[in-house]
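All chains, full assembly: derive it from the sequences and hints.
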Amino acid sequence: MTKYIARRLVLLVPTVILVTVIVFTLMRAMPGDAASLQIGDSASRDQIETLRAQLGLDRPLYAQYFVWAAGVLTGDFGKSHRTQQPVIDELKNAIPVSAELALAGVLTAVAVALPLGTLAATNRARHIDYAARLVALAGLSIPSFVLGTLVVLFLALWFGWLPPTGYVPLYVDPLTNLQQFVFPALVVGYRSSALMTRMVRSSLLDVLQQDYIRTAMSKGLSWPTVVRRHALRNALIPVMTLIGTQVGALLSGAVVSETIFSLPGVGRLFIQAVTQRDYAMVQVVILFIALVVSLSNLIVDVLYAVVDPRVGYE
Amino acid sequence: MSESGNVWTHRISRRRWLGGTAVVGLGAVSAALIGCGKKSEAPVASDNKAAAPAALTPQAAAKPKNGGEIRIAVDGDPVSYDPHIEASYRTQWAIGGVYNRVLGLTTDLKITPELAASWETPDPTTVVLKMQQGVKFHNVAPVNGRALTAEDVVWSINRITTNKPEFQRRYMFDQIDKITATDANTVTIKLKQPFAPLFGYLANPFTIVAPKEAAEAKGDLRTVAIGSGPFVFKSGQKGVSYKWDKNPGYWEKEMPYADSYTLNVVPDAATRLSSLRAKQLDIEVVTIDQANSLKGDNNFTIDSVAQGNSFTIRYNTTRAPFNDVRVRKAFDMVMDRKQIAQLVFGGAALPAGPISPGLTAWAMSQDELAKNAGYRADKAADIAEAKKLLEAAGQTSTQFEYVYYIPDIVHEQVAQVAQQQLEKAGFKVKLTKMEYAAWIPFTLEKKFMMTGTGSGFRDNPDEYLYALFHSTSSRNDTGYKNPEIDKLLELSRSQLKDEERKATVADLQKRLMNEVPNSWIIGQTLNEARASNVKGYVPTYTHNRPRQFVRTWLDK
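So the sequence lines, in the order shown, correspond to chains G and X. Here the first sequence stands for residues 1 to 314, where the numbers follow my numbering. Here the second sequence stands for residues 1 to 556, where the numbers follow my numbering.
Each hint should be verified, as a subset may be incorrect.
Heads up, simulated PhoX-like pairs for lysine-lysine below, C-alpha to C-alpha not over 20 Å straight-line [said to hold, decoys possible]:
#: 1; chain 1: G; residue 1: 79; chain 2: X; residue 2: 238
#: 2; chain 1: G; residue 1: 92; chain 2: X; residue 2: 481
#: 3; chain 1: G; residue 1: 79; chain 2: X; residue 2: 218
Examples of chain G residues toward chain X, derived with CB under 10 Å [said to hold, decoys possible]:
#: 4; residue: 37
#: 5; residue: 43
#: 6; residue: 45
#: 7; residue: 51
#: 8; residue: 60
#: 9; residue: 63
#: 10; residue: 125
#: 11; residue: 155
#: 12; residue: 160
#: 13; residue: 173
#: 14; residue: 261
#: 15; residue: 272
#: 16; residue: 277
Simulated from the structure, these hints should not be mistaken for laboratory data. All residues carry an ideal CB built from backbone N, CA and C; glycine is no exception.
Take a look at the structure:
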């Protein structure tokens, strides 16, 4: 297992480098750059060229990449073209917000999906199954921006109340932090729970058809015990994959929910950086996302072996 | 910016101005008392005459109360705090209350004293500004509450003219030959030639006086905001909020009334409106639909103010087909501005000429505009004439490309309505959308045929005319060249008497409307909703909002 993890960690390096090279090239291939955006449409061509030189954007692409990569190796991730502030500082501020939202969202999703998916699978083709599938289908069909906006409008119009805007860390003011994250977590979690509910249901239905379940039943075990101890544990392997990808995706930023609930997370930071052609900011966020996605996949793979003794990596 | 009152030929002092405004103020209070008890309604501009430049809800006079926090929201973070580099309203909303500018602007865009208490012009190329006495910077290191002097004004104006690309507004003062601090309270400006727009530019919202040592300590003013204004910077958290506290030593006595001012970053418009409803915000810019949804709710007051900006369609006059004035005219005549105002802006907009209708002192009146082809009520006659012009130019089978940029939905909507209007007249128009970052170089390199764009806030006729249509101006995107227009533009800059300059500006507008380098479509109106306990606040043009907070108080 240790060797496997070490090998995966080594492979992670070229993966991340490849991602940064692709994004670096694509960003520069897009028309318009930080210089023209910074001084707007009222500037002359000469002024834009001068600023491009000032920002180092007139250098060959490979030279710009190596300057950036050399900086990263020494811990210097660069400064924002727009604000002239170190990009790592802004990312550091955004990560806790996205991490908390991701964690709260996934916990909500798991808390909803496990019982709902199990109930649906164990009550197949009954009212409870139809209801669970309807809830899941709605979660998949309603876009986050619609659900988020409805939640905000509902709270404002019915209760004349909204969660405090912005972000207060949990350790500074737990109550305000809770108010800020409950509703975004519900919105994010509901969508994820829809996916997971369907996965739990279908996976559990598969497992419940297996011979060892029949064997367990014939041994006289109660139905809940069979489901809990024999079926659910085996059914969770594909669900874990889903949880892993959801955590990775949400840590990279739930852009819509962050926007609607005014949370200054990674997603908002990234979108803003792309539209402003803030190259250094885009690169550092992409680096972070690549690491998060790769590591979350690795953790899921390792957890397979923990949950299912049949899985081995030696 | 309105330069009425002829700032060049009359000596104006703060005392005199205050005397004048006191009379106006008494009138306003009387009008307000008469208007008391009227139900507040969103003054939606449904036709030319209904939309006055400022349609404000009367406020009853009452003794201002001290205390409380003024809370507003913005859709994104200011890129930086540097007033001499940035041009966005976001920066202005962040630092507008921190600083003072050399001259001020009233809510109806008239020049008033601010840091300069009075001024005189001994000759057409000399301006002498006398500064307010007793103005101090905030008591924050490294400035530590020292007195603001004429040297600070000189340093700030010189910094605005720094020859680096990021200093975008150095054109405002490029006619200054020399600026000196004659003594601690006097600034003398020597001009290269008579330059009428100077006072307008001195009152520009970004002509802000900052302390040199603050910029030196941090390298620039991007991350530091220490001024002489009513509010002192307290904290700023990107993506969250920016906070200011009352400046206890503010030079305008007894003000500001509020203890603090907070700018919350709320990117989503629906969330901002919900925050206003949930009493988390006190004042908010709303769309016309949102304004209508608040109609009848006594918790809010809604006002509508014409802005100093406009939406235009630019034609590339350097190449076919729009190098032919007949084609430009044909397109201009087909545009139904009232329909665009209604369909895209819900009626909260006015047909515009070359100068935005928000600049009432300089813009063509709605009655004047209505006499012109393209603005007339009889669109059938306009369309028939347009078809003839296009036929005469031999362009009836040409496929025209209209480029607009996103993500601003307004540009897309205007483009779609314009396309429908043009196609109804038989013109073939293809729409192409671009990201703003891509649109800038595309436009600068004059690759476009026609393109829709909105101008930001401009408070000076010079910015609408000379900047956009003089053949040597770097901001002349259409490539329009006309020696006669050039001469008139130069003349308008040299005329120091308002009546003469106004006549030239009026002539210029008429000629430009005949030449059609742009189709000027509409001037937008800003709709603002505020909680009913917010008093003393007068809605104004976008960049001036934080300056209103000095007189704003909360009736709690």
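Hint check:
1. G:79 - X:238: Holds. Residue 79 of chain G to residue 238 of chain X sits at ~15 Å (cutoff 20 Å).
2. G:92 - X:481: With Cα atoms ~51 Å apart, residue 92 of chain G and residue 481 of chain X exceed 20 Å; violated.
3. G:79 - X:218: holds, 15 Å
4. 37: At about 5 Å, which falls below the 10 Å cut-off, the nearest Cβ of chain X leaves the hint on residue 37 of chain G intact, so it holds.
5. 43: holds, 7 Å
6. 45: Holds, about 6 Å.
7. 51: holds, 4 Å
8. 60: violated, 19 Å
9. 63: violated, 22 Å
10. 125: violated, 40 Å
11. 155: holds, 7 Å
12. 160: holds, 6 Å
13. 173: Since the shortest Cβ distance to chain X is 13 Å, the answer is violated.
14. 261: Because about 7 Å separates residue 261 of chain G from the closest Cβ in chain X, which is inside the 10 Å limit, the hint holds.
15. 272: holds, 7 Å
16. 277: holds, 5 Å
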